[in-house]
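Turn these sequences into a full structure, and let the hints steer you where they fit.
As you go down the protein sequences, you meet chains Y and P in turn. In terms of the working numbering, the first sequence opens at residue 2 and continues consecutively. In terms of the working numbering, the second sequence opens at residue 27 and continues consecutively.
Keep in mind that a hint or two might mislead.
[To be verified] Under the rule of at most 27 Å between Cα atoms (straight-line distance), these lysine-lysine pairs were calculated in the DSSO-like manner:
1) Y/K58 / P/K57
2) Y/K38 / P/K142
3) P/K54 / Y/K20
4) P/K142 / Y/K20
5) P/K273 / Y/K88
6) P/K54 / Y/K42
7) P/K273 / Y/K58
8) Y/K58 / P/K142
The set of hints was computed from the structure by calculation and includes no laboratory data. All values derive from a computational prediction rather than experimental measurement.
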Amino acid sequence: MQLTLEFGGGLELLCDSVKIHKVNVDLPDESHILTMKDLLKWVRTNLIKERPEMFIKGDTVRPGVLVLVNDCDWELSGQLETTLEEKDVVVFISTLHGG
Amino acid sequence: MEAGEAKSKKAGGPRLCCICNLRRPVLKRPKTLQQICRECFYEVFEEEIHQVIVKNHLFKSGERVAIGASGGKDSTVLAYVLSELNKRHSYGLDLFLLSIDEGITGYRDDSLETVKRNEVQYGLPLQIVSYKDLYGWTMDDIVKMIGLKNNCTFCGVFRRQALDRGAALLKVDKIVTGHNADDIAETVLLNILRGDIARLSRCTSITTGEDGPIPRYYFSTECIYSPNAYRGFAREFIKDLERLRPKAILDIIKSGEDFRIATTTKMPEQGTCERCGYISSQKWCKACVLLEGLNRGLPKMGIGRSRAGDVNGDLHNKNESKSGPTVKSIESRKQCGSLDF
Numbered sequence: 002m003q004l005t006l007e008f009g010g011g012l013e014l015l016c017d018s019v020k021i022h023k024v025n026v027d028l029p030d031e032s033h034i035l036t037m038k039d040l041l042k043w044v045r046t047n048l049i050k051e052r053p054e055m056f057i058k059g060d061t062v063r064p065g066v067l068v069l070v071n072d073c074d075w076e077l078s079g080q081l082e083t084t085l086e087e088k089d090v091v092v093f094i095s096t097l098h099g100g
Numbered sequence: 027m028e029a030g031e032a033k034s035k036k037a038g039g040p041r042l043c044c045i046c047n048l049r050r051p052v053l054k055r056p057k058t059l060q061q062i063c064r065e066c067f068y069e070v071f072e073e074e075i076h077q078v079i080v081k082n083h084l085f086k087s088g089e090r091v092a093i094g095a096s097g098g099k100d101s102t103v104l105a106y107v108l109s110e111l112n113k114r115h116s117y118g119l120d121l122f123l124l125s126i127d128e129g130i131t132g133y134r135d136d137s138l139e140t141v142k143r144n145e146v147q148y149g150l151p152l153q154i155v156s157y158k159d160l161y162g163w164t165m166d167d168i169v170k171m172i173g174l175k176n177n178c179t180f181c182g183v184f185r186r187q188a189l190d191r192g193a194a195l196l197k198v199d200k201i202v203t204g205h206n207a208d209d210i211a212e213t214v215l216l217n218i219l220r221g222d223i224a225r226l227s228r229c230t231s232i233t234t235g236e237d238g239p240i241p242r243y244y245f246s247t248e249c250i251y252s253p254n255a256y257r258g259f260a261r262e263f264i265k266d267l268e269r270l271r272p273k274a275i276l277d278i279i280k281s282g283e284d285f286r287i288a289t290t291t292k293m294p295e296q297g298t299c300e301r302c303g304y305i306s307s308q309k310w311c312k313a314c315v316l317l318e319g320l321n322r323g324l325p326k327m328g329i330g331r332s333r334a335g336d337v338n339g340d341l342h343n344k345n346e347s348k349s350g351p352t353v354k355s356i357e358s359r360k361q362c363g364s365l366d367f
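In C-alpha cells form, the structure reads like this:
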C-alpha cells in the first residue's frame, strides 16, 4: 500500500532527518486491511533509526505525539484501529521536543 | 472532495463539525471534547482570546506593544492572532516583533529566519537584540568558558532581561509572550514540586510586573501543535494524564490560578538592582551577578547557593535582616532551564 508519512517537531531526527517518506507498506499476513497499529509496527522496524522510545510507548505513540491521518487528528478516526487506504497521508508531530 | 467523504465514513464518528454542521471535523478540542473543523477551531480560538483581552483590559488604544518572538510555534501563533485581532476589533495598537539572539550557532539562525518571515507576513516591524550587544557575551562564548552544565541558567536569566531591554529600545508600553497550555501546566506542577510559592502564584497570572519596568501579558494558547523544549518527567506526566482525561492540563492551570497564598507566607520583596536598575529581590539582579562572574573569570558565581565572592552572598551576611532566610531559600531552589515567569 502506497502511503506518505511525515515526521515533524523533532521526530524526523529519529529517521535520518528526513521529514517526508513515500513508502510502500505490505499488508500484514492473512489480512486485507492495514490499521494504524500495523503501520506503527512497520515504522518502528523500517524507519526509526535511533531512540525509538521518543516515538513509541507500549503499543502506541508516546503521549505528546500528534497523529494526523489525512489532516485529521487520529482521535477522530479510531486511533490504533484506524484503517488506512491507498495514498493516505499520515503525519506524526512531536510536541515534546524540538522547536 | 470524494476522498474527504470516504474518510469521514471510515471515521465512524459524527461526520460533521459540531459547531457549523457543515464541514468535516479534523480535531477534538481537549477543552470541550467537541469535534470541530479547521475553520471553526480558528474562529472559537481567536474569539476566546479576544474575550480574554477585553475582560482583563489588557490594552488601551494607542499603546505600543512588543510581541516576544522566538520563531517557535507559540510566538508565531501569538503574532498572527494579535495582529489579526488588532485589525478585526480595532484595538488601535502599534505592534512590534521583539526577538532575542542568544548567539547559538546553528540553533537561533533558523528560528530567526522564521521571525523574519513573520515580519513580512504580518507587516510588523522587527527588533532583534543580541546577548553579544547587551552583555558582550554570546551563548557560544559562555559555553566555551563554563561548559554545558549550567549554561541554561545564564541563557534563561539573560533572556528575561534582554526582553525588557529590547522593549526599552522600542519604547513599548507592554510586552506579550505566547505560551501553550502544556508549558503552563508543567510550570505549575514544577513550582509545586519545588515548593516555590512565589513563582507558583506568578506563573499563571495573566499580567506581571505592573510596578516594574514593563508589564508583561501571558497568553496561554491551547496549543495542540506546539514543539517545545522537553522539560523532562513533568511533561510526560501531564501528557499521560491528558490521555486519561483531556481536560487535565487545563485543570492544572486552573488550580494554579486559584491557589490562594496564605498571608502568613513570607514572600520575597521586589526591589531594583543597584547596578542596572532592573527588578531584583537582591542587591544585584541575577543577570548582573552572572555577568560579573563571567567578566571576572568566576563563572560559577550566582549559580546554586551563594558562594564566597558573590555580591549578594556578601550582602546576606552583612544585612541578614533585610533579605532574610526565606528569600535565600527560594533563591537557592532556582533550577536551570525552567520557565520563570
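Cross-check of the supplied hints:
1. Y/K58 / P/K57: With a Cα-Cα distance of about 24 Å, the restraint between Y/K58 and P/K57 holds, given a limit of 27 Å.
2. Y/K38 / P/K142: violated, 40 Å
3. P/K54 / Y/K20: holds, 25 Å
4. P/K142 / Y/K20: holds, 23 Å
5. P/K273 / Y/K88: violated, 34 Å
6. P/K54 / Y/K42: holds, 25 Å
7. P/K273 / Y/K58: The hint holds at about 21 Å.
8. Y/K58 / P/K142: violated, 37 Å
Violation of the numbered hints given earlier is confined to hints 2, 5, 8; the remaining hints are satisfied by the structure.
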